[in-house]
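Chain order of the listed sequences is A and B.
Position 80 (the first sequence) corresponds to 784 in my numbering; numbering is contiguous.
Position 141 (the second sequence) corresponds to 161 in my numbering; numbering is contiguous.
Rather than coming from a laboratory, the hints here were simulated on the basis of the structure.
Since the structure is predicted, the reported quantities are computational estimates derived from the model, not experimental observations.
Any given hint could turn out to be false.
Unchecked claim - Quick list of the computed label-pair ranges, beta carbon to beta carbon:
| id | chain 1 | residue 1 | chain 2 | residue 2 | range |
| --- | --- | --- | --- | --- | --- |
| 1 | A | E820 | B | I62 | 22 to 28 Å |
| 2 | A | H716 | B | I62 | 26 to 32 Å |
| 3 | B | V257 | A | R778 | 30 to 36 Å |
| 4 | B | L273 | A | E820 | 52 to 58 Å |
Said to hold, decoys possible - Here are the computed lysine-lysine pairs in the DSS-like style, where the Cα-Cα straight-line distance is at most 25 Å:
| id | chain 1 | residue 1 | chain 2 | residue 2 |
| --- | --- | --- | --- | --- |
| 5 | B | K34 | B | K214 |
| 6 | B | K56 | A | K787 |
| 7 | A | K787 | A | K753 |
| 8 | B | K250 | A | K779 |
| 9 | B | K56 | A | K823 |
Where a beta carbon is used, it is the ideal one built from N, C-alpha and C, also for glycine.
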Amino acid sequence: MSDILVDINKMHFERGERVIYDDISLQVRKGGITAVMGPSGIGKTTLLKLIGGQLTPESGEVLFQDENIHQMSRKRLYDVRRKMSMLFQSGALFTNISVFDNVAFPLREHTGLSEEVIKTIVLLKLEAVGLRGAAQLMPSELSGGMARRAALARAIALDPELIMYDEPFAGQDPISMGVLVKLIKELNSALGLTSIVVTHDVTEVLTIADYAYIMADKRIIGAGTPDEIRSSSSELVQQFLRGNADGPVPFHFPAPSLETSFMGANK
Amino acid sequence: MNWLINLGASTLGKLSGLGNASLMLWGGLVAFPRLKNIPLIIQQIYVVGVQSLLIILVSGLFIGMVMALQGYTILVSYGAEGSLGPMVALTLLRELGPVVTGLLFAGRAGSALTAEIGLMKATEQLSSLEMMAVDPLRRIIAPRFWAGVISMPMLALIFSAVGILGGHLVGVDWLGVDSGSYWSIMQATVDWDKDVVNGVIKSFVFALVVVWVALYKGYSAIPTSEGISKATTETVVFSSLAILGLDFVLTALMFGIN
Numbered sequence: 705m706s707d708i709l710v711d712i713n714k715m716h717f718e719r720g721e722r723v724i725y726d727d728i729s730l731q732v733r734k735g736g737i738t739a740v741m742g743p744s745g746i747g748k749t750t751l752l753k754l755i756g757g758q759l760t761p762e763s764g765e766v767l768f769q770d771e772n773i774h775q776m777s778r779k780r781l782y783d784v785r786r787k788m789s790m791l792f793q794s795g796a797l798f799t800n801i802s803v804f805d806n807v808a809f810p811l812r813e814h815t816g817l818s819e820e821v822i823k824t825i826v827l828l829k830l831e832a833v834g835l836r837g838a839a840q841l842m843p844s845e846l847s848g849g850m851a852r853r854a855a856l857a858r859a860i861a862l863d864p865e866l867i868m869y870d871e872p873f874a875g876q877d878p879i880s881m882g883v884l885v886k887l888i889k890e891l892n893s894a895l896g897l898t899s900i901v902v903t904h905d906v907t908e909v910l911t912i913a914d915y916a917y918i919m920a921d922k923r924i925i926g927a928g929t930p931d932e933i934r935s936s937s938s939e940l941v942q943q944f945l946r947g948n949a950d951g952p953v954p955f956h957f958p959a960p961s962l963e964t965s966f967m968g969a970n971k
Numbered sequence: 021m022n023w024l025i026n027l028g029a030s031t032l033g034k035l036s037g038l039g040n041a042s043l044m045l046w047g048g049l050v051a052f053p054r055l056k057n058i059p060l061i062i063q064q065i066y067v068v069g070v071q072s073l074l075i076i077l078v079s080g081l082f083i084g085m086v087m088a089l090q091g092y093t094i095l096v097s098y099g100a101e102g103s104l105g106p107m108v109a110l111t112l113l114r115e116l117g118p119v120v121t122g123l124l125f126a127g128r129a130g131s132a133l134t135a136e137i138g139l140m141k142a143t144e145q146l147s148s149l150e151m152m153a154v155d156p157l158r159r160i161i162a163p164r165f166w167a168g169v170i171s172m173p174m175l176a177l178i179f180s181a182v183g184i185l186g187g188h189l190v191g192v193d194w195l196g197v198d199s200g201s202y203w204s205i206m207q208a209t210v211d212w213d214k215d216v217v218n219g220v221i222k223s224f225v226f227a228l229v230v231v232w233v234a235l236y237k238g239y240s241a242i243p244t245s246e247g248i249s250k251a252t253t254e255t256v257v258f259s260s261l262a263i264l265g266l267d268f269v270l271t272a273l274m275f276g277i278n
C-alpha cells in the first residue's frame, strides 16, 4: 500500500453554473498533517465533503486508500466513512444530548461495546481534549472553543485513520486557538492519525503542518512544506501569506467598471 | 419566449423535487424493520403524538359541542332531534375527525418536524451524521416518519370519540335530547367498515402526506433562517391543501360511487 492516504486526481467540481474546482490534484500523506489554505468562500469545506463522499465531482477521481470514493456502493462508502471523521466548523454537536452522549454516539451506533466500556472510552477521549469535567454539560452550555473540543473528542471516538478539520481556528480566542493547535498536533502523533486541516489562519497552521496547499481562484496556486511555502516566489502565495488587501487576488468582486455602472444607472 | 423557459425550468425543478422526496420516502420506508430504531420511534411517538394530545382533545370536544348545538337547532324544527347522535358521529368519523386532526397535526407536529430537521441541517448535524457513517434517513427521518404515521390515525380516533362525547354534553345534558336515542340510533346507523374503518384509512393517508411533506421540506430546506421559515410555512400550506384535496378524492372513492 502506498503512503498516500487521500489522492485527488484532476478533480473538476461545479456548483450550479459556478466552477468551484478546475482540475485540481492533491495528495495527503499518511501520518502527516496536510494543510489546505485559501481565502474564505472558495469552497474549502466543499473539498472535505468531496473527500467524504457527500458531494460528487463532475470529473476526476478521489481515492481513499487507493479506492475511488465516488464509485463505491453506498454500503462500502459507509464502511469507509468509519475510517474517516470530520470536525465541522460549528462542531455540529447534537444539541439534544449531553457532551458525554455526543461522544458516545458513534460508539453506540457502530460497536457492540457494553456501556461500561463505552463510558471508559468516552472519558478517555474527553480527557484527551481536556473536557472530562464537562461530560454532563449540554452543548448549549459550552463556549465555542469547548464545543469544538467536544466535537473533536467525538471525531476521534472510533479511532479513525483520517481526520478532517474544517476551519478549526475560525472565530477562536488566542487561548482556544493555541489549545486547538496543540491538540491537532498531539492527537496526530499520539494516535497515528492523518490530518487534513482546512483553514485561512496561515500562521497557526504552518507551525504544525507537514505539507501545505494554497488554493485560490479554483486552482492550487502553491504547494510545499511550510518552509517552501514561506519562501515561495509566487506573488499570489506571498499576497496570501502577508494578507495584502489587493494583488493577484483582487480586492474587488468582478464587476463592470465604475463608470459603466454609473452611466448605466443614469439611463 | 422567456416564460416558456421559466415554465420548463420550474416544471423540471418540481419534478426533481418530487423525485428527491420519493427517494427520501423510500429511504424512510426501507429503514423501518431495524430493531434498533424501535426506541427512537417510541420517543418520536411521544413527541409528535402524545404532545399533540391536548390540542386534539380540546378541539375535538369543542367541535363536537358546536356540531350538536348547530345540528339541534336545525333538526328540532323537523322534530328529528333524536338523530343528533348519528349526525354528530357520522360527521366526525367520516370527515371532521380525519380532516381536522390532519390540519391540526400539520400545524402542531408538521411544522415542528420541518423546523427541527431544517435546523439540524443548518447546524451541520445531518452532515456530521453522514460523516459518522450513520444514515440520517435511517436515524432521523425514518423514526419521525413512522411515529407520525402511527400516531395520527389514533389521534383522529380520539378526536372523534371526544367529539361524540362533546355532542352528548351539549345535545343530551344541556338541550335535553334523549340519551337513549342519542346512543341507540348512533349504534344502529354507524357502520364499522363504511364509517370507522374508512375514517381511519383517510387519516392514515393524511398522516403519510403530512409527515412526508414536513420531513422533505425540512430535509431540503435552504439552511438559513429565511430558508427554514419558508420551509415551515410551506409544510403547513402544502400539507393542508393536500389534505383537503385528498379528502375530496377519498370521499368520492369511499362514499360517492355506488
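Which hints from the list above does the structure break, by number from lowest to highest? 2, 5, 8
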